[in-house]
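Go ahead and model the full structure; you've got the sequences and the hints to work with.
First residue of the sequence shown: 0, per numbering that gives the first Met the number 0; consecutive thereafter.
If you are wondering where the hints come from, they were derived from the structure by calculation, not from laboratory data. Where hints are given, some of them may not hold.
Heads up, simulated SDA-like pairs for lysine to any residue below, C-alpha to C-alpha not over 20 angstroms straight-line [said to hold, decoys possible]:
id, residue 1, residue 2
1, Lys139, Val352
2, Lys171, Lys219
3, Lys139, Phe126
4, Lys53, Ser87
5, Lys219, Phe245
The following label-pair restraints were derived from C-beta to C-beta distances [said to hold, decoys possible]:
id, residue 1, residue 2, range
6, Phe280, Asp161, 23 to 29 angstroms
7, Ala122, Val408, 35 to 41 angstroms
8, His84, Ile159, 42 to 48 angstroms
9, Gly73, Ile342, 43 to 49 angstroms
10, Ile342, Asn32, 43 to 49 angstroms
11, Phe414, Asn90, 27 to 33 angstroms
12, Ile342, Asp89, 30 to 36 angstroms
13, Tyr227, Ala52, 43 to 49 angstroms
14, Asn156, Phe414, 32 to 38 angstroms
15, Ala52, Asp161, 55 to 61 angstroms
In this text, all values refer to a predicted model and were calculated from it rather than measured experimentally. Even glycine gets a Cβ: it sits at the ideal position worked out from N, Cα and C.
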Amino acid sequence: MKKFTKRSLIAALSLTSLMTNVSADNLADAFSNGKLKGEVKSVYSDSNFLGKAKADDIATIGGSLGYITGDFYGFSAGATFQVSHVLSEDNNNGVFASDLDAQGSVLSESYLEYKLANTSAKAGRQFIYTPLVSTAIDGKSSESLLKDSFEAYLLTNSDIPDTTITLGYISKYLAKTDGTGDVANSENFSLTNTFSAVPTNGTNSYDDAYTVLLKNNSIKDLTLQAQYLGLNGKESTDKDINIAYFQADYVIANQTLSAQLIKSKNDNQPTGQEDGLAYGFKATGPLGISNLAYVAAFNSSTEDGDVNLGMGTGTSDLLFTAMPVNGSGVPARANTDTLVGGIVIPILDVTTVAYAGNSWSNDMVGDVFATGAMAIYPFYKNFLLKVNYEHVEVEESILEDGNTDVTRVYLSYKF
Numbered sequence: 000m001k002k003f004t005k006r007s008l009i010a011a012l013s014l015t016s017l018m019t020n021v022s023a024d025n026l027a028d029a030f031s032n033g034k035l036k037g038e039v040k041s042v043y044s045d046s047n048f049l050g051k052a053k054a055d056d057i058a059t060i061g062g063s064l065g066y067i068t069g070d071f072y073g074f075s076a077g078a079t080f081q082v083s084h085v086l087s088e089d090n091n092n093g094v095f096a097s098d099l100d101a102q103g104s105v106l107s108e109s110y111l112e113y114k115l116a117n118t119s120a121k122a123g124r125q126f127i128y129t130p131l132v133s134t135a136i137d138g139k140s141s142e143s144l145l146k147d148s149f150e151a152y153l154l155t156n157s158d159i160p161d162t163t164i165t166l167g168y169i170s171k172y173l174a175k176t177d178g179t180g181d182v183a184n185s186e187n188f189s190l191t192n193t194f195s196a197v198p199t200n201g202t203n204s205y206d207d208a209y210t211v212l213l214k215n216n217s218i219k220d221l222t223l224q225a226q227y228l229g230l231n232g233k234e235s236t237d238k239d240i241n242i243a244y245f246q247a248d249y250v251i252a253n254q255t256l257s258a259q260l261i262k263s264k265n266d267n268q269p270t271g272q273e274d275g276l277a278y279g280f281k282a283t284g285p286l287g288i289s290n291l292a293y294v295a296a297f298n299s300s301t302e303d304g305d306v307n308l309g310m311g312t313g314t315s316d317l318l319f320t321a322m323p324v325n326g327s328g329v330p331a332r333a334n335t336d337t338l339v340g341g342i343v344i345p346i347l348d349v350t351t352v353a354y355a356g357n358s359w360s361n362d363m364v365g366d367v368f369a370t371g372a373m374a375i376y377p378f379y380k381n382f383l384l385k386v387n388y389e390h391v392e393v394e395e396s397i398l399e400d401g402n403t404d405v406t407r408v409y410l411s412y413k414f
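Structure, rendered in structure tokens:
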């Protein structure tokens, strides 16, 4: 018996040693097979918001550095650091307080992910890109020097053919800035720090949020997606918020035809303004003339309340009529119709987009007209230069000149 026990102990120690050596080797391989990526970026912006006597301008430089390990028995880990430095600034009206005005570095991603067959689980601080929960999106109005992120748990499964289901729980939010010139700290989310596209009544805080997203492409050339987002109020005075979203995209003869519907309920709003609803249509594709292309979009909000677009600055680009600089704030207003059109003109290596839009409403702002242009120039390998200009005219304004002119210049190098 003692002999058997001794041999069993030796065998167990040998097996443990073997497993340790195998795990160590595989863990080392996981790190050596990891991927490093990053970006060096500079952003300049100038804005005379609503015709202010003195314009705001800011020049920043910074970037990001991210690393994702290789697979280790289905596990992987990732981290992303971001840094921002303000080179110069004329801060007359606080226009860039929640956008570009940030000094310092921040750990924007730190997560662990596990994959098994068609299921993945991701936990920790992370960038999220879904219709109703979204980090800032490059190439859209939400693009900045820094990206916002979430502390969340996501479970994604694709066992059903041509269908992806994502379940999510979000506990905290990390904004681009803290609003006072520094990078932000992770904190409980509130209407003021996550719903950038829609004005709010005071500050309402939330303990957590949950979401479910379904995406299906079982029908050829047709993609359907639907998402629900619910936020739980932190105090008795903080009412819950519920948002539902649906989108369909159909490709035919090189044209993409899209439709969307969003419905929100926010009981923090005054009586009669709790419900928001908007639908929209969009068409994009080549014009058949040289390399010209087009985009045409329409949105209509039909309730007495503003449409709540979700969490994160990326949701400010959710509506089809979102402007490249000013986003969806205008078309998300209550009882508002918005029409936008643009033409894409490639000239040598430069892609130029000219666009215009009008929004009709009887609210205190009234009708809003906007026009603008953007140029995108990938002038060298991994280098990109983008220039945006947008002019906005407001029908009703407390200022004699309520027009807004915004210029944005992006220069980036990705590796």
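Comparing the hints with the structure gives:
{"no.": "1", "hint": "Lys139 - Val352", "in the structure": "holds (13 angstroms)"}
{"no.": "2", "hint": "Lys171 - Lys219", "in the structure": "violated (38 angstroms)"}
{"no.": "3", "hint": "Lys139 - Phe126", "in the structure": "holds (16 angstroms)"}
{"no.": "4", "hint": "Lys53 - Ser87", "in the structure": "holds (16 angstroms)"}
{"no.": "5", "hint": "Lys219 - Phe245", "in the structure": "holds (18 angstroms)"}
{"no.": "6", "hint": "Phe280 - Asp161: 23 to 29 angstroms", "in the structure": "holds (24 angstroms)"}
{"no.": "7", "hint": "Ala122 - Val408: 35 to 41 angstroms", "in the structure": "holds (37 angstroms)"}
{"no.": "8", "hint": "His84 - Ile159: 42 to 48 angstroms", "in the structure": "holds (47 angstroms)"}
{"no.": "9", "hint": "Gly73 - Ile342: 43 to 49 angstroms", "in the structure": "holds (48 angstroms)"}
{"no.": "10", "hint": "Ile342 - Asn32: 43 to 49 angstroms", "in the structure": "holds (45 angstroms)"}
{"no.": "11", "hint": "Phe414 - Asn90: 27 to 33 angstroms", "in the structure": "holds (32 angstroms)"}
{"no.": "12", "hint": "Ile342 - Asp89: 30 to 36 angstroms", "in the structure": "holds (34 angstroms)"}
{"no.": "13", "hint": "Tyr227 - Ala52: 43 to 49 angstroms", "in the structure": "holds (45 angstroms)"}
{"no.": "14", "hint": "Asn156 - Phe414: 32 to 38 angstroms", "in the structure": "holds (33 angstroms)"}
{"no.": "15", "hint": "Ala52 - Asp161: 55 to 61 angstroms", "in the structure": "holds (56 angstroms)"}
Taken one by one, the earlier hints fail for this structure only at number 2.
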